[in-house]
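S.K.: Residues per chain are reported as follows:
2 protein chains.
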Amino acid sequence: MNMDYYRNTHGLDDGNNNYKSQDESPKFGIMFDIDGVLLRGKTPIPQARDALQLLMDERGERFVVPTVFCTNGFGLKEVKAATLSDKLGVEVNPDQIVMSQSPLEMFHDYHDKWCLVSGPDHDGGSVKVAKSLGFQKILTIEDVRKAYPYLDWVDRARWPQETVDDDHEFPAIEAVVLLGEPVRWETNLQLILDVLLTDGKPNRKATMKKGTHLPVLAVNMDLLWMAKAPTPRFGHGAFLVCLENLFKKITGEDLEYTALIGKPSEVTYEYSQKLIEEIATSLGAPHLNTVYAIGDNPLTDIYGANMFNKFLEKKKRELAHKKEDVEKQMECQLSRCSSILVRTGVYQPEPEAEDSDEAETLVDHGHRDLPYTPEITRPDHIEDDVKCAIEKIFKIEKWPGKKCALQSS
Amino acid sequence: MNMDYYRNTHGLDDGNNNYKSQDESPKFGIMFDIDGVLLRGKTPIPQARDALQLLMDERGERFVVPTVFCTNGFGLKEVKAATLSDKLGVEVNPDQIVMSQSPLEMFHDYHDKWCLVSGPDHDGGSVKVAKSLGFQKILTIEDVRKAYPYLDWVDRARWPQETVDDDHEFPAIEAVVLLGEPVRWETNLQLILDVLLTDGKPNRKATMKKGTHLPVLAVNMDLLWMAKAPTPRFGHGAFLVCLENLFKKITGEDLEYTALIGKPSEVTYEYSQKLIEEIATSLGAPHLNTVYAIGDNPLTDIYGANMFNKFLEKKKRELAHKKEDVEKQMECQLSRCSSILVRTGVYQPEPEAEDSDEAETLVDHGHRDLPYTPEITRPDHIEDDVKCAIEKIFKIEKWPGKKCALQSS
Chain Z
1 MNMDYYRNTH GLDDGNNNYK SQDESPKFGI MFDIDGVLLR GKTPIPQARD ALQLLMDERG
61 ERFVVPTVFC TNGFGLKEVK AATLSDKLGV EVNPDQIVMS QSPLEMFHDY HDKWCLVSGP
121 DHDGGSVKVA KSLGFQKILT IEDVRKAYPY LDWVDRARWP QETVDDDHEF PAIEAVVLLG
181 EPVRWETNLQ LILDVLLTDG KPNRKATMKK GTHLPVLAVN MDLLWMAKAP TPRFGHGAFL
241 VCLENLFKKI TGEDLEYTAL IGKPSEVTYE YSQKLIEEIA TSLGAPHLNT VYAIGDNPLT
301 DIYGANMFNK FLEKKKRELA HKKEDVEKQM ECQLSRCSSI LVRTGVYQPE PEAEDSDEAE
361 TLVDHGHRDL PYTPEITRPD HIEDDVKCAI EKIFKIEKWP GKKCALQSS
Chain U
410 MNMDYYRNTH GLDDGNNNYK SQDESPKFGI MFDIDGVLLR GKTPIPQARD ALQLLMDERG
470 ERFVVPTVFC TNGFGLKEVK AATLSDKLGV EVNPDQIVMS QSPLEMFHDY HDKWCLVSGP
530 DHDGGSVKVA KSLGFQKILT IEDVRKAYPY LDWVDRARWP QETVDDDHEF PAIEAVVLLG
590 EPVRWETNLQ LILDVLLTDG KPNRKATMKK GTHLPVLAVN MDLLWMAKAP TPRFGHGAFL
650 VCLENLFKKI TGEDLEYTAL IGKPSEVTYE YSQKLIEEIA TSLGAPHLNT VYAIGDNPLT
710 DIYGANMFNK FLEKKKRELA HKKEDVEKQM ECQLSRCSSI LVRTGVYQPE PEAEDSDEAE
770 TLVDHGHRDL PYTPEITRPD HIEDDVKCAI EKIFKIEKWP GKKCALQSS
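Read top to bottom, the protein sequences are chains Z and U. Under my numbering, the first sequence has 387 at position 387, and the numbering climbs by one with no breaks. To get my numbering, take the position in the second sequence, counting from 1, and add 409.
Read the hints as simulated data drawn from the structure, not as lab findings. Be a bit skeptical, because a hint or two may be false.
As the list claims (entries may be wrong) - Simulated pairs of lysine to aspartate or glutamate, EDC-like, Cα-Cα distance not exceeding 16 Å:
1. K537/U - E487/U
2. K248/Z - D773/U
3. K228/Z - D574/U
4. K637/U - D364/Z
5. K42/Z - E571/U
6. K555/U - D576/U
7. K657/U - D364/Z
8. K228/Z - E571/U
9. K451/U - E162/Z
What the hints assert, rightly or not - From the structure, some residues in chain U lie toward chain Z, with a derived Cβ separation under 10 Å:
10. L542
11. P611
12. W634
13. R642
Unchecked claim - Just a sample of chain Z residues kept apart from chain U, beta carbon distances all over 12 Å, derived:
14. R40
15. E105
16. K131
17. N203
18. V267
19. H367
20. P400
By construction, the Cβ of each residue, glycine as well, lies at the ideal position given by its N, Cα and C atoms.
Given only the sequences and the hints, what does the whole structure look like? Please build it.
M.R.: See below:
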């Protein structure tokens, strides 16, 4: 994260726009989901502009409430920030964006290892995204296909026409990074399994020892997402279901992820916390108590907020044990994530179902490795849309907001 | 099965070549696996020609021992018969061939229903194969993609450029037929699930009631198969693992197959039994006691032979109950399938491992719905190659065979 860029472009270094005292500054931040809350596909949700205006200064030029945008979308955060700015008429900074893959920035240990990267090719492609995260030794599925021409064998139209040699100079793969759902799943599934079973040398016989395989980092567990079809479409979670079950069927063992990244994983909320606290500090509002997470999907947004809350409580208990020397640290520590479910996206209950319990999701579409109880998908609040959600937050926080914007509602 | 064709081309109608009495006729038949037993890829296994010669008349022109070739391969049986004839220098008739999909010929109830057919496009394609089996109302995955352009959504390069309408005349799909592993698994998996969840109208919201979904017929459960790479490649079974687990994850229920077809399913052995008994009758050798199944894969060939044996025993017990009126039927009924594992294909034990128990397979690569115990993959005999296997059978059956051929060994 480059906070200098954030400060400079937002003119916060001149000192005039910072809160004069910490008493005046907001004790809360906002974490927006994007799809189903602010946009549906490429179309803004009607209340989204007004909602964002409520968080900005009188002139509508910059955020005065610490705000991040957290999506399980894939791609460069610069592209996402530009899209949001364009569609919603406010200036969103790339450093306010948490894409599904963003927390991989923190996995420095893998940045200088030979990583097999699997993912989509749109929006600049997986290689561009992996580079932007700090990965330096990137190998694609296509690189492996070319190096070992006898591995990808489902599509007979792609079998080599003549005898070809393996590339014996091809580096041994040291980790597998799964950025998102690729095209031609059979190719990616086969080559990823080959790499895991052979400890990174997929033209050799299987060498994997029981209970050990190369590190696997996976981004975005969404099983399904809502596109234009009447039923939701496959997300990266669907690809991971295939990979996990093929690995289990072939080896008899469980695939173990080194990290699962993206909502609703803890690491994504940790990263978002760090980001929103840095933004708050840069605004002169360093003491946040509550982050409000506004989302439309009980299984990612609400589940994740509740998971994050448990994590914050655990951290608080840990700090309480060392109370004396960390009293100050405790004061500043974000203490609660409060979740708000909106009705403009995935969550669309029957008209008669109108209480918070109804938002519980009874079929577990979450990832295999994440604990599941219906309670963990229960939001703290349910509101019609993102503007109502912001107004609700202001009411709870007794925050004056902008009178003009509130009056227009 | 067109036995007239078999008889005519083999000249058995002239009466001269039939066994003069049933005492002279063989009481056994042979069921060959092809890959790893007779051919490896397109190359004949050295002992294969000699082995087949042992089963033919003195002039090497026609089979005198009832023989069928049973493969989990996909395609037209005429093509497979021509390949075998060409590679092995004997005339193999298409009616001696059991391809993985062949038993679908017997599923007449589905031949006049609108079937979604998923499978490979090589060797004449799935449509050609489905037609050859008797299916009349065939819809492909590509047909569904074109009729409903918003369903196949993983590959953004294939999203429609402009707004397009669904084809409202497209017929409601009544059954799903899975012939083999397709290309672009994400497309096939998504569209098959859409069809199942919507009772055949995939542009509508999900309507599937708990515990009911459209009939699913699946051909060829092989998880993996041995190609040129040092580790085995995905077969159709790997695709089915993905489909079953996505169905389970999305609906919370088990996918139920109306039929699983191809080795090692019972229906394939039933079909092969019918075929070999018809061939035996046409040879004037109608009373078979034993079918010898020669294969290289404990999990398909040997497992299947042992399953078939259990089925024959059950049938025998059932007939014993009605002994009086069916005594003659019992005499003629095939009573045993004996399995022989050869070392020229999948099964390649360490040199020191040299007893029949070692052939047991300890990781279950078989299909989810088939019962698994290590014992069921144990063969009755293990031989080096297919010629040794035939000689072993002749010894057990005290069959004179052809002296010349036996002497040449």
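S.K.: If a hint holds in the structure, say so; if it doesn't, say that too.
M.R.: The hints, checked one at a time:
Restraint check for K537/U and E487/U: satisfied, since their Cα atoms lie roughly 12 Å apart, inside the 16 Å limit. The hinted pair formed by K248/Z and D773/U meets the criterion: a straight-line CA distance of about 10 Å does not exceed 16 Å. Straight-line distance between C-alpha atoms of K228/Z and D574/U comes to about 12 Å, which keeps the hinted pair within the 16 Å bound. Note on K637/U and D364/Z: the hinted pairing is violated, with a Cα-Cα distance of about 40 Å set against a maximum of 16 Å.
For the given pair, K42/Z sits about 15 Å from E571/U by alpha-carbon distance, which is consistent with the 16 Å threshold. Proximity of K555/U to D576/U is assessed by CA-CA distance (about 8 Å); at most 16 Å being required, the pair is judged to hold. Straight-line distance between C-alpha atoms of K657/U and D364/Z comes to about 10 Å, which keeps the hinted pair within the 16 Å bound. Proposed proximity of K228/Z and E571/U is supported: the alpha carbons are some 13 Å apart, at most 16 Å.
A threshold of 16 Å between alpha carbons decides the hint, and for K451/U with E162/Z the separation of about 15 Å falls inside it, so the pair holds. Given the 10 Å rule on beta carbons, the hint for L542/U is violated: about 21 Å separates it from the nearest Cβ of chain Z. A hinted interface residue such as P611/U counts as satisfied when its beta carbon comes closer than 10 Å to some beta carbon of chain Z; here the least separation is about 8 Å, so the hint holds. Hint status for W634/U: holds, given a least beta-carbon distance of 9 Å to chain Z, under 10 Å.
Taking 10 Å as the C-beta contact cut-off toward chain Z, the hint placing R642/U at the interface holds, the least distance being around 4 Å. For R40/Z, the non-interface assignment is confirmed: its Cβ lies about 15 Å from the closest Cβ of chain U, beyond the 12 Å cut-off. Look at E105/Z: its CB is around 25 Å from the nearest CB on chain U, clear of 12 Å, so calling it non-interface holds up. Every Cβ of chain U is farther than 12 Å from the Cβ of K131/Z; the closest lies at roughly 20 Å, confirming the non-interface assignment.
Not every CB of chain U is more than 12 Å from the CB of N203/Z (nearest about 6 Å), against its label as outside the interface. For V267/Z, the requirement that its beta carbon stay farther than 12 Å from each beta carbon of chain U is met, with the minimum near 22 Å. At roughly 10 Å from the closest C-beta of chain U, the C-beta of H367/Z falls inside 12 Å, breaking its exclusion from the interface. Every CB of chain U is more than 12 Å from the CB of P400/Z (nearest about 44 Å), matching its label as outside the interface.
Hint check: violations occur at hints 4, 10, 17, 19; the rest are consistent with the structure.
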